[in-house]
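Colleague: Each chain, written out:
4 protein chains.
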Amino acid sequence: MNRKLRYAMVGGGQGAFIGAVHRIAAGMDGKAELVAGAFSSSPDNSAATGKELFLDPSRVYGSWQEMLDSEAARTENRIDFVSIVTPNFLHHPVAKAALLAGFDVVCDKPMTLTVEESEDLCRTVSETGRIFALTHNYTGYPMVKQARGMISEGKLGTVRKVVVEYPQGWLSTLLESTGQKQASWRSDPARAGVSSALGDIGTHCENLVHYITGLEMDEMMADLGTMVEGRALEDDASVLIRYKGGARGILYCSQISIGEENNLTIRVYGTKASLEWKQEHPNWLHVRYPDAPEQIFKRGNDYLGEAASRASRIPAGHPEAFIEAFANIYLAAYEAMATRQHGDHPSVQDGARGVHFIHTALKSSTNRAWVDASYTPPQ
Amino acid sequence: MNRKLRYAMVGGGQGAFIGAVHRIAAGMDGKAELVAGAFSSSPDNSAATGKELFLDPSRVYGSWQEMLDSEAARTENRIDFVSIVTPNFLHHPVAKAALLAGFDVVCDKPMTLTVEESEDLCRTVSETGRIFALTHNYTGYPMVKQARGMISEGKLGTVRKVVVEYPQGWLSTLLESTGQKQASWRSDPARAGVSSALGDIGTHCENLVHYITGLEMDEMMADLGTMVEGRALEDDASVLIRYKGGARGILYCSQISIGEENNLTIRVYGTKASLEWKQEHPNWLHVRYPDAPEQIFKRGNDYLGEAASRASRIPAGHPEAFIEAFANIYLAAYEAMATRQHGDHPSVQDGARGVHFIHTALKSSTNRAWVDASYTPPQ
Amino acid sequence: MNRKLRYAMVGGGQGAFIGAVHRIAAGMDGKAELVAGAFSSSPDNSAATGKELFLDPSRVYGSWQEMLDSEAARTENRIDFVSIVTPNFLHHPVAKAALLAGFDVVCDKPMTLTVEESEDLCRTVSETGRIFALTHNYTGYPMVKQARGMISEGKLGTVRKVVVEYPQGWLSTLLESTGQKQASWRSDPARAGVSSALGDIGTHCENLVHYITGLEMDEMMADLGTMVEGRALEDDASVLIRYKGGARGILYCSQISIGEENNLTIRVYGTKASLEWKQEHPNWLHVRYPDAPEQIFKRGNDYLGEAASRASRIPAGHPEAFIEAFANIYLAAYEAMATRQHGDHPSVQDGARGVHFIHTALKSSTNRAWVDASYTPPQ
Amino acid sequence: MNRKLRYAMVGGGQGAFIGAVHRIAAGMDGKAELVAGAFSSSPDNSAATGKELFLDPSRVYGSWQEMLDSEAARTENRIDFVSIVTPNFLHHPVAKAALLAGFDVVCDKPMTLTVEESEDLCRTVSETGRIFALTHNYTGYPMVKQARGMISEGKLGTVRKVVVEYPQGWLSTLLESTGQKQASWRSDPARAGVSSALGDIGTHCENLVHYITGLEMDEMMADLGTMVEGRALEDDASVLIRYKGGARGILYCSQISIGEENNLTIRVYGTKASLEWKQEHPNWLHVRYPDAPEQIFKRGNDYLGEAASRASRIPAGHPEAFIEAFANIYLAAYEAMATRQHGDHPSVQDGARGVHFIHTALKSSTNRAWVDASYTPPQ
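Protein chains in written order, with my numbering: chain A, 13 to 391; chain B, 13 to 391; chain C, 13 to 391; chain D, 13 to 391.
The shape of chain A in the complex, shown without the other chains:
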C-alpha cells in the first residue's frame, strides 16, 4: 500500500466511550485515516463529532445508510473500510450493508443479536469476499499471543482445565436508571439483545479461551443471575464447561462484582505446565511448572515467539496496554485488506461462535440443565 487506508465510522459520537478507542487504535500506526462518519443517530451529534475530528463536513452523515450510499458512489478518495462501533442491534444491518456495498468491515462485538443474523453475516462475508474483523481486542495483546503460541507448540502438554474470569463491578447499582449512556443501552434488550454480562464480557472470555487453546465446547451448564433488582438482563453468569477432548472449564463473568474494574484473567492447566494472564497487568505472562521455578514471560523480550514479538511496539519494561492491543486488531485487519486473506484477527466465524455461546448459556440457565454446546459456524 503506498497510501494510508481510508475509513468511515458508524457510531462513536459524543458521549460514547469506545468510539474514541477505535479511532486511536485505527490510526495509531499511521496506516489509516478517518475520512467519514455517521457517528450518531442524532445528526447534530454526528456533525459535532465530525467537526471535533476535523473531518470534511460533506462526509459527516446523519445516517449510516446515507453514508454507505454516498461513499459507495464516490470515485475519488473513496473509503476502504467501515468501522462499526454502535450498540449491538445495529451490527448486523450495518455490517451486511457495508459488505454488500463493497467495503471491508471492522465490527465491535457481540457480532449480532441472534444466531440467525450471525450465520447470515458469515455467508455474506463468504459471498462478497470482503475482509471482516471483529474487535475481540484482548486477543491483540502480545502476551495473549505468546500464550497461544506456547500451547500450540505443546509447552503445556494436553490442556485439562481452563478457568477464565471477567469480573467487573460497574453495574452493581441500577446505573441504567440514572440515564448513564453505556448502562442504558447495555441493559436494554432492544439494543443489547438477550444478554448484558454474557454479551458484553462473557463473549470475550469465550473467545479468549478459543484463541489461546483452540478448544471447542462440547457441553455447558450455566447459572445466570440478575442480581440488581429492576434490571432487565442478567448481570452475573457462572458457567461450567466440558470441552471436546476431555478438558473442563469454568467461565465467570459479572458486572456486579463490586470493586472490580476490568479484571479479565485466564488460567490454563495442561499436563506439563500451566499459564496465567491478567488483563490488568498485560505485559506479563506467568507460566508454572510442577518441578521448576515459576517463569514470568515479559513483553518485548527476544525470548518470545514471533507472534508476540510482532505485536509489540516498544522495548521491554516500557509497558504497552489496552489501546495498543486494540490497535493490533486493526493492524491485522489492514494486513488482511492488503493481502485479501483473513489473518490474525477475530473472524466472522468467531463472532458467530460468540453469539451461539450467549444463546446456549441462556438456554442452559433457563432449563437448569447441561446442554449441548458444540457448534460449527458456516464457513
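Some hints here could point you the wrong way.
The list makes no distinction among identical chains, and a pair is therefore deemed to hold if it is satisfied within one copy or across any two copies.
No farther apart than 30 Å at their CA atoms in a straight line, the calculated lysine-lysine pairs in the DSS-like style are these [what the hints assert, rightly or not]:
1) K284 x K193
2) K290 x K256
3) K193 x K16
4) K63 x K16
5) K193 x K108
6) K375 x K193
7) K284 x K167
8) K108 x K375
9) K193 x K290
10) K167 x K63
11) K108 x K63
12) K43 x K63
13) K290 x K167
14) K108 x K43
15) K16 x K43
16) K256 x K167
It is worth saying that the hints were derived from the structure and are not from the lab. The structure presented is a predicted model; accordingly, all values stated were derived computationally and were not measured.
Go by the hints and put chains B, C and D onto chain A.
Modeller: Below, chains B, C and D without anything else, positioned relative to chain A:
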C-alpha cells in the same frame, strides 16, 4: 490453668507430614505438651517416633485403643485431650472412643467418611459434654478473622457472590502409583472415603465460606472429574452454588492444577464492597470499593478488629503464616477446654456440614443435576 | 484550533526506536499530523523513512538546516512545531535554530550537552516567546500527576525522604562494541555528552522528584561507576541528596542492573503518609499510612484529582501505559501552543535543571565529596 | 542428644516483644525447653513472667548474675545455654559472664555497644570454646539460604551491585516520649548505644549482604539523619558502599519511612543474573536474567538447594514466615551445641562486624566523607 495441658496424639508417625505441624502448633504458645502417643499402626514406627520426641516409652503405644485404655486408667499426669491426625477412616472411631473415655478431642478433617458417622459424632459430643475442635486451620489466620468481622459488621453490605478456589497441582500425575505416602491413602477409598479433592481441600473451601460469610447453601450443581487416568477418586471439582438469601457461588478445588502449590483464595462481593484473601500471602486482606481506592488491611495493625488482633503474635510486617494459623485453632480449643465452652474453633457441626457437602456434590455430579444442598447438622 | 497542528520531525529514521514513539504519541489524539521531516543524517534513510510514513517527498529533507529553511519559507501548510528526537548533541543547535525560525519545539532529553547550552536555550525561549516542551515523558502518567496533586494538597505532610530508582540492565555487556545503534551513541561522549546513565535515565529520576514533590536540591554526594570494562561513560550511579528544607534523598540509576527492564520507581515519605509509584505497573499508586490500611489509587476512577483525570483516556481497569503518557506531554504542549502559555509539560528550565544535575553529580563523584547542588535556571 | 536441651532466658519479661518470639522459636521443634529465667530487672516482673510460663519458681531469678551463679552451681538439670534478649547494653556483660560460667549463648543483636566489647567477646568465645549464636534471624529464611547458595555456585556471575533496604515507619513520631517500651530504650543512648536505626535494623542489612554475597566492605559514605525533632539518635541512614573486588552498594535503613512496616529487601546484581528477596513475602525469591524469563523460586520445592530445603518445615504453598526463620537460627545453634562446631548461624565475628559497621557509618556521616570500612574481626 496453672499448668500446661497434656495431650496424646493418634497418627503422625515417621513419614507423615501433618503430624509434625500439629505438634508444633499445639506446643507453640507453651500451653500444652505432648506426653503420649499412638503414632502409627506399626508399633515400631510408633516407638521410634516417640523416642524422637523424647517421650516416656511407657506412654508410647502400639494401638490407639491401648492408649485410650491406659491413659484413662492413669490417676496421675493423665492426658487432657487427644489430637487425631490419622487418615480419614480412623477419625470417627478414635474420636468417638476418646470422647467416651472422657477426653477432649482435636481432630483433623474431613471429620468422617459418612454423614451418618458425622451425625453420630455430633450426638456423642453433645452427650459427653466434651470439647471437640476440628482443624479447619485456615480459619485460624488473622486476616480471615478480619474478613469475617468486616462482613458481620456490614462493611460489605449484603453478600451477592462468593468465589472460592483451592487449586493444587501435586496429583497431576499418578503419584499414588509410586508409593508416595500421602498420595496413596488420599486416593484410596478405603482410607480417604468417597472423595479425594473435595475431602482434602474442597471442605476447606466450604468451611471458609461459611466461616467468613455465615452463608448456608441452598442448592448445588457439581462437576467432578478424575483427570488422571487410573486414579480411583476425583481430582478436580467445579461447583456452582446458590446460597439461602440469594447469593451465588463458585467453588473450585483441584489437585491437577499443575504448577499451583496451595493457592486457596476467596473473594466475597457484597452490595457495598468486596474482599479478597489469598492463603499464599496470608498477612494481607484486600478490600475493594466502587468509589474509593482499594485498601490492603495488613496483619498486626491497630486498625484491625479484635478477633484478628488476638490471633496475631508479632508486629506488622513480620509475617506470620501457616503454622501460626494452625496454632490459633489449638489456642481456641485450649480456651474452650478451660472454660468448658466451645469457642472460636471449627466445631463438630462444621465437620458434619463438610461431610454432607462432599456427599451432596458427589450426588449432583453423578446425576448431572442441581440438587438440594441445605443441611442442618444435629446440635 | 479548527485544524490539526502540523509538525516536522528531526531524527527518528529507520533503526531508531524513540522516533516511532514520538510519532504515535504526537498523533494519538488526532490533534496533530506529521507533514515533514529530516529523519536522519543519511539522506537515503531520511527519504526511505518519509516514504514509509506516506509523506510528501518534497517535504522530506536530507538535513535539518535545509528543512528549517524550506519550511520557514512556506506560505501554505507551514509546520507549527518541530519535534527533535536526535542524539543529545543535536538538541541544542536544532532547537535553537527552530525557535529562531519561529517554530514551537518539542525536544527529547537530556536537553543539551552542557549547562551553557541549556542556559542559552532558556534565554532563546524567553526571547522568542515560543513554546518549548521537553519530553520527560514519565510526568505524563496520570498516577504521577495524582502523586503530585496529593503532595501539593498536603496529604503526605512535609516530605522527609525520597527514594527514586531507575535500574535497567540492557548495558550489562559491552553492547556498543556490537554496533547496536542505541548503545553506540549513548556511550559515545561526542554524541551523548559527559554521561550515559545519568543523562539517559538519571535525569528522569531528578525530574520526577522535582515534578512530584517540588523539592529543590541543596547538596549532593554521588558515586558514579563504569562497571563494564571498555565503556567510555558511567553506567551506574548512586547519589545521596539533601534537599532544601531538610528532606533527604537517594537516587539510583543504572544500566548494568542485569535482569531489570525499565524499573523506574519513586517513593516519597512525608510526616503523614507515603506513596510509591512503579513505572512498570503505572496505573496504580500506592499510598501508605501509619494507622490505616494501605490504599491503591487506580487510574480512571472518579476519586482521583483533576490532573490525573484529565490525563486518562479510557475507563479504570483498561490499562494505559507508556505511549499514552508520552502523548500527554504532546497534548499539554498543544494546549500551550494554542494558548501561548506554557502548561503542564516539562519546560526549558526543567531541562536546564537536568543538565546541571548531570554535571554536578559528575563533579561530586570525581571529587568524592559532597558538593553544592542548588541551582536556579534562567527564567 | 537423647533429651531436650535446657535453657535460661535473660530479658523477655512482660511488656517485651522479642522475648516471646525467642521462646517460640527456641521451642518450636521440640529440641529445647525453657527451665529458668531472669526476665526483667524488676524481680516482680521476672517472677510474674516465670509463673505465666509455668516455670519452677525457684529457677526464676531477680537478676542475671544470681541466675548464672545458681544455675552454674546445679548438679542436676543444669541449663545448657543462655538466651539473651535484653536491651543492647546488657549483651556484653551477660554474654561474657555466661560463657565464662560454662554455658553456650544465643544472643540478640547488635552484639555490643562498642567495638572493644565486641572484640572482647570474640576472644572470650575463642578462649572458652563455647558456642555463640547471634540472632540475625533473617539469615534463617530458606530463600535467603537459596540466594546465598545460588551466588556461591556462580549462578549470578560476579556481583556488581547490591541494593539493600530496610524501611520502617514506626518511629515517624516521637514515640519514645509516650513511654512506649521499645521506643524508649531503642532511642536511649545509655541502653541502645550510639545508634538507633543502624543498630536495630541497619546491622541486619549489613549482615544479610555479607551472608548472601560474602562481600567485604572496603569504603563507605554514610548520611545519617535524625528526622524527628527531639530524638537523641539517628532514625534514618543512607549509605554508599564500595566492596572489595569492585562491587558497589546502597544500604538504606530508616525508622521514619512512614507507612512501611518491616520492608527489608535485598537485590543483588551480577554479571549473569540478579536476584531479589523481600522479607514481607519471604517464601519467594525472584531471579532475573538478561535473556530469559524471570524466575520465582518458591520455598518447599525439590528444585531448591540443600540449605534451603533443610530450613523448610512444610510443603510448598503452605507459607512459612518470621518465627520459623527465627527458629532456624536456634536449630543451627543446637546442632552446633551437639557437635561442638559452629554451624550455619551468625557468629560472634558477624556480631563484631556489625558493631564495627555502626561505628564506621557514624564516623563517615560526622565527617561527611568517605571512610575506610574494611575490618577483620578477631577469630
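Colleague: If a hint holds in the structure, say so; if it does not, say that too.
Modeller: Hints, verified against the model:
no.	hint	verdict
1	K284 x K193	between (46 Å within a copy, 23 Å between copies)
2	K290 x K256	within (25 Å within a copy, 32 Å between copies)
3	K193 x K16	between (33 Å within a copy, 29 Å between copies)
4	K63 x K16	both (21 Å within a copy, 11 Å between copies)
5	K193 x K108	within (26 Å within a copy, 49 Å between copies)
6	K375 x K193	within (29 Å within a copy, 46 Å between copies)
7	K284 x K167	both (7 Å within a copy, 26 Å between copies)
8	K108 x K375	within (27 Å within a copy, 49 Å between copies)
9	K193 x K290	within (28 Å within a copy, 34 Å between copies)
10	K167 x K63	neither (51 Å within a copy, 41 Å between copies)
11	K108 x K63	within (28 Å within a copy, 35 Å between copies)
12	K43 x K63	both (22 Å within a copy, 12 Å between copies)
13	K290 x K167	both (19 Å within a copy, 28 Å between copies)
14	K108 x K43	within (25 Å within a copy, 32 Å between copies)
15	K16 x K43	both (5 Å within a copy, 17 Å between copies)
16	K256 x K167	within (20 Å within a copy, 43 Å between copies)
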